[in-house]
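Asker: Given the sequences, and given the hints that come with them, work out the whole structure.
Okay, here's what each chain looks like letter by letter:
2 protein chains.
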Amino acid sequence: MYKYIYDWQIAIRRTENREINVKNKVQPRRPGGFNELLPAGQIEFDRLKGIIASTYEKYGFTPLDTPVLELTDVLLAKGGGETEQQVYSFKREGSKTDFTMRYDLTVPLARYVAEHESDLVFPFRRYHIGKVYRAERQQKGRFNEFYQCDIDVIGSRSPLIDAEFPAIINEIFEKFGFGEFTIRLNNRMVLNGFFDGIGLAHVSSEVLRTIDKMEKISKEELKENLSQIGLNRTQVDKVLDFTSITGSNDEVLSRLGVLDVDSDLFRDGVEKLGILVGALRTMGVPESRFRIDLRIARGLDYYTGTVYETILNDYPEVGSVCSGGRYDDLAGYYTATDLPGVGISIGLSRLFSKLSEIPGLIPAERKSPADVVVMSIGSDQNETAIAIASALRESGVSAMLYTEPDQLKKKLRFASRMGFAYAVLIGEKEMQSGTVSLKDMNAGTSREVEVMELVSTLKK
Amino acid sequence: MYKYIYDWQIAIRRTENREINVKNKVQPRRPGGFNELLPAGQIEFDRLKGIIASTYEKYGFTPLDTPVLELTDVLLAKGGGETEQQVYSFKREGSKTDFTMRYDLTVPLARYVAEHESDLVFPFRRYHIGKVYRAERQQKGRFNEFYQCDIDVIGSRSPLIDAEFPAIINEIFEKFGFGEFTIRLNNRMVLNGFFDGIGLAHVSSEVLRTIDKMEKISKEELKENLSQIGLNRTQVDKVLDFTSITGSNDEVLSRLGVLDVDSDLFRDGVEKLGILVGALRTMGVPESRFRIDLRIARGLDYYTGTVYETILNDYPEVGSVCSGGRYDDLAGYYTATDLPGVGISIGLSRLFSKLSEIPGLIPAERKSPADVVVMSIGSDQNETAIAIASALRESGVSAMLYTEPDQLKKKLRFASRMGFAYAVLIGEKEMQSGTVSLKDMNAGTSREVEVMELVSTLKK
Chain V
1 MYKYIYDWQI
11 AIRRTENREI
21 NVKNKVQPRR
31 PGGFNELLPA
41 GQIEFDRLKG
51 IIASTYEKYG
61 FTPLDTPVLE
71 LTDVLLAKGG
81 GETEQQVYSF
91 KREGSKTDFT
101 MRYDLTVPLA
111 RYVAEHESDL
121 VFPFRRYHIG
131 KVYRAERQQK
141 GRFNEFYQCD
151 IDVIGSRSPL
161 IDAEFPAIIN
171 EIFEKFGFGE
181 FTIRLNNRMV
191 LNGFFDGIGL
201 AHVSSEVLRT
211 IDKMEKISKE
221 ELKENLSQIG
231 LNRTQVDKVL
241 DFTSITGSND
251 EVLSRLGVLD
261 VDSDLFRDGV
271 EKLGILVGAL
281 RTMGVPESRF
291 RIDLRIARGL
301 DYYTGTVYET
311 ILNDYPEVGS
321 VCSGGRYDDL
331 AGYYTATDLP
341 GVGISIGLSR
351 LFSKLSEIPG
361 LIPAERKSPA
371 DVVVMSIGSD
381 QNETAIAIAS
391 ALRESGVSAM
401 LYTEPDQLKK
411 KLRFASRMGF
421 AYAVLIGEKE
431 MQSGTVSLKD
441 MNAGTSREVE
451 VMELVSTLKK
Chain F
1 MYKYIYDWQI
11 AIRRTENREI
21 NVKNKVQPRR
31 PGGFNELLPA
41 GQIEFDRLKG
51 IIASTYEKYG
61 FTPLDTPVLE
71 LTDVLLAKGG
81 GETEQQVYSF
91 KREGSKTDFT
101 MRYDLTVPLA
111 RYVAEHESDL
121 VFPFRRYHIG
131 KVYRAERQQK
141 GRFNEFYQCD
151 IDVIGSRSPL
161 IDAEFPAIIN
171 EIFEKFGFGE
181 FTIRLNNRMV
191 LNGFFDGIGL
201 AHVSSEVLRT
211 IDKMEKISKE
221 ELKENLSQIG
231 LNRTQVDKVL
241 DFTSITGSND
251 EVLSRLGVLD
261 VDSDLFRDGV
271 EKLGILVGAL
281 RTMGVPESRF
291 RIDLRIARGL
301 DYYTGTVYET
311 ILNDYPEVGS
321 VCSGGRYDDL
331 AGYYTATDLP
341 GVGISIGLSR
351 LFSKLSEIPG
361 LIPAERKSPA
371 DVVVMSIGSD
381 QNETAIAIAS
391 ALRESGVSAM
401 LYTEPDQLKK
411 KLRFASRMGF
421 AYAVLIGEKE
431 MQSGTVSLKD
441 MNAGTSREVE
451 VMELVSTLKK
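Line by line, the protein sequences give chains V and F.
The working numbering applies: residue 1 is where the first sequence begins, and numbers increase by one.
The working numbering applies: residue 1 is where the second sequence begins, and numbers increase by one.
If you are wondering where the hints come from, they were derived from the structure by calculation, not from laboratory data.
One thing to keep in mind: the hints can contain errors.
No copy labels: a pair is met if it fits in one copy or bridges any two.
Below, a list of computed lysine-lysine pairs in the PhoX-like style, where the Cα atoms sit at most 25 Å apart [claimed, not checked]:
id	residue 1	residue 2
1	K459	K175
2	K131	K49
3	K58	K411
4	K25	K96
5	K78	K25
6	K91	K131
7	K460	K58
8	K91	K25
9	K58	K410
10	K411	K272
11	K175	K58
12	K78	K96
13	K91	K78
14	K219	K238
15	K49	K367
Answerer: Now the structure itself:
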């Protein structure tokens, strides 16, 4: 015990200081809206983040990482709007540099592509998983700092590219295991072409905005809203007829195919939707998971082609868990080069927070940070414990070594609180017989295992 | 070709607009000191980051993630010093909240542990890989935003814990493959105990600071510095004798063991160094990779026990690539609970930047973002290309689908520029015979492969 004497002295000395200073402690706390997770939640969050990253990589997307701080005049080049009121902008004292924290990953992508244009190979596929910052008013489920997990392809107009995103969403949400889901598909060319065709080109934004709300308002309200925009009765009926086109993907496509709309844009959009559906079938995405929905518009002026949103069938109240679409002009504020893009984003922080509220969906119990914990019963077995932990790691089993000179009871309580399924115990008896005691923490049972067979036993 | 007409029209219209607006573009650029990588560099950077994370996890460290923005009064509770001048602090207009961007991952860890104390199980092992922010004057190799990759164990005084860090460093730098490296070890108890024993307790900080510079100054300068601090000739000689104790780990330990120093602290420190060396041997860390070096002090008041630093043998000019140590009191500003800790940090951004300057060390050529690229030769083979790419991914081969309706020559140039080793080509001939053409991009040769055998061929 000699070696702990000095430490105890330190502890006593410090406690004395502490009694004097205890009132001067700063309360450890975070700014409101800035979330963090406890270990079990973080392990689960990172598991989901890992599924997203590895799936993005499987399709050949390159990881990208840009600074959290951008120059204000660059980031807010577009200017105006709600965005500008919701950003964290600042100058340091004595410095002229005007910084703004990124509020999404799309504008930094535009800046990156424009800045490094000559060094990139197009089509440029990148994924970016990172935190973004919005100074929104605080409310439940809204964070001021949150993760976005984006993929975009820049520099391609091929409709085949558009099909990769639902295929990727399908794979990610299948791995997530939050039940069945539906990827809703539409194409803004179909919508805008249709509005053109019935003489509504001049108010297409307003009509879109109204259709976007369709699910939330009654049919009467919808009619009234459309009238207020200036649609005559025939136009209102045509819009209602159009948005009521539902059914299987083939049914919707064939009804759109025979619709009498005088617009090349419309026909081109319908053809693109058809290519998208065909490619998704070829990719093996189950037909039940993607559905053309003509009411999906996804915001206003941004998108110009395919649009996506994703609903969890069992939890529609969560809203869209993965959305995106095609936009014609990514970096028009920075470069004269024509850079069309298409992409999707998963708001993982929001998704995780919402799903955590649903009982049983995200396991609340602690997940162990390693496959197994290795413990000596007495200090004489420390060396053996170290050697066994090292051997396990070398064989691909992650192992935590318990290093404290505690009583066995306390050691086992630690293993249990940390969520380990198995603890490897080494005592005097085990050392003599060249075995370890493998304790099943859930069943509470133990059995002797030969050291040489430990790895194969654990891998089972 | 019909389906591209609309896109072309858009392109022409946009070009016209562009000619008018070209002067109004915002130059895409970043704030100085805020670095970002091109795709090939990012792939390599992320590979190294992945090695660090997976090794940390192998030893049972839990991932942790804290907000980038902290409350200024909490983050700067310690106050004073250089730190305060190098932080990004700000308030938003109309808000009282005073934010500071984190400048390291240790103070946020202290805040986290104190805030969530009752929800954590101790000893608490966490790793955190994240960006930190320092408003340093810009110079080569210094960034204002950079990655730190930290691990710490909080709540343990066991000297066995101290041995895990060199074992982890050993594993990470072995996987990195930057040649041989040396982990230098020391213990502040040995240093402080020795100073106590020769009557230098009152100036131990100053003596430490001088010793820390030993490698950079001459012996004469060193003597002069020590005299200026107030050491008499005998004390100067004793300090010089002490710091000249070198040799194998066992030699240094045995020389320390017989040194006549009247200090329990010293003897305790020497014992702990001995335990550390013994545990590292048990863990199988090669003896050539760790070395007791009594000149290592690592900064000033922070550390209280074991200290570490790591030198790349072939690139000593890079300085320490992984440092850390044991500190007695992590969260004293926030809580009265005694929270000793020990940890190390890898400054990955700095390491990556320094090593990138050394020719041949970090491969400069582009790394492909997937195992293979799949291309149809004509549009009739698109569907087959999609199906083959999907089948490859399902078999665990990451595959990029080339989706552009380009000439074969352009497709192959893309594959080459993206660094793909192999391209899978599907043309009319291949479709008829149920084969693909597998092109070795480096050799420039092609061969026919049965579709069913493609996966096994690629995995070879």
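Asker: All the hints need checking, so say for each whether the structure fits it.
Answerer: For each hint, the structure was consulted:
| no. | hint | in the structure |
| --- | --- | --- |
| 1 | K459 - K175 | both (22 Å within a copy, 24 Å between copies) |
| 2 | K131 - K49 | both (12 Å within a copy, 17 Å between copies) |
| 3 | K58 - K411 | between (42 Å within a copy, 20 Å between copies) |
| 4 | K25 - K96 | between (35 Å within a copy, 21 Å between copies) |
| 5 | K78 - K25 | between (45 Å within a copy, 10 Å between copies) |
| 6 | K91 - K131 | both (21 Å within a copy, 20 Å between copies) |
| 7 | K460 - K58 | between (28 Å within a copy, 18 Å between copies) |
| 8 | K91 - K25 | between (30 Å within a copy, 23 Å between copies) |
| 9 | K58 - K410 | between (44 Å within a copy, 23 Å between copies) |
| 10 | K411 - K272 | between (62 Å within a copy, 23 Å between copies) |
| 11 | K175 - K58 | both (14 Å within a copy, 23 Å between copies) |
| 12 | K78 - K96 | within (21 Å within a copy, 28 Å between copies) |
| 13 | K91 - K78 | both (20 Å within a copy, 24 Å between copies) |
| 14 | K219 - K238 | within (14 Å within a copy, 92 Å between copies) |
| 15 | K49 - K367 | both (16 Å within a copy, 23 Å between copies) |
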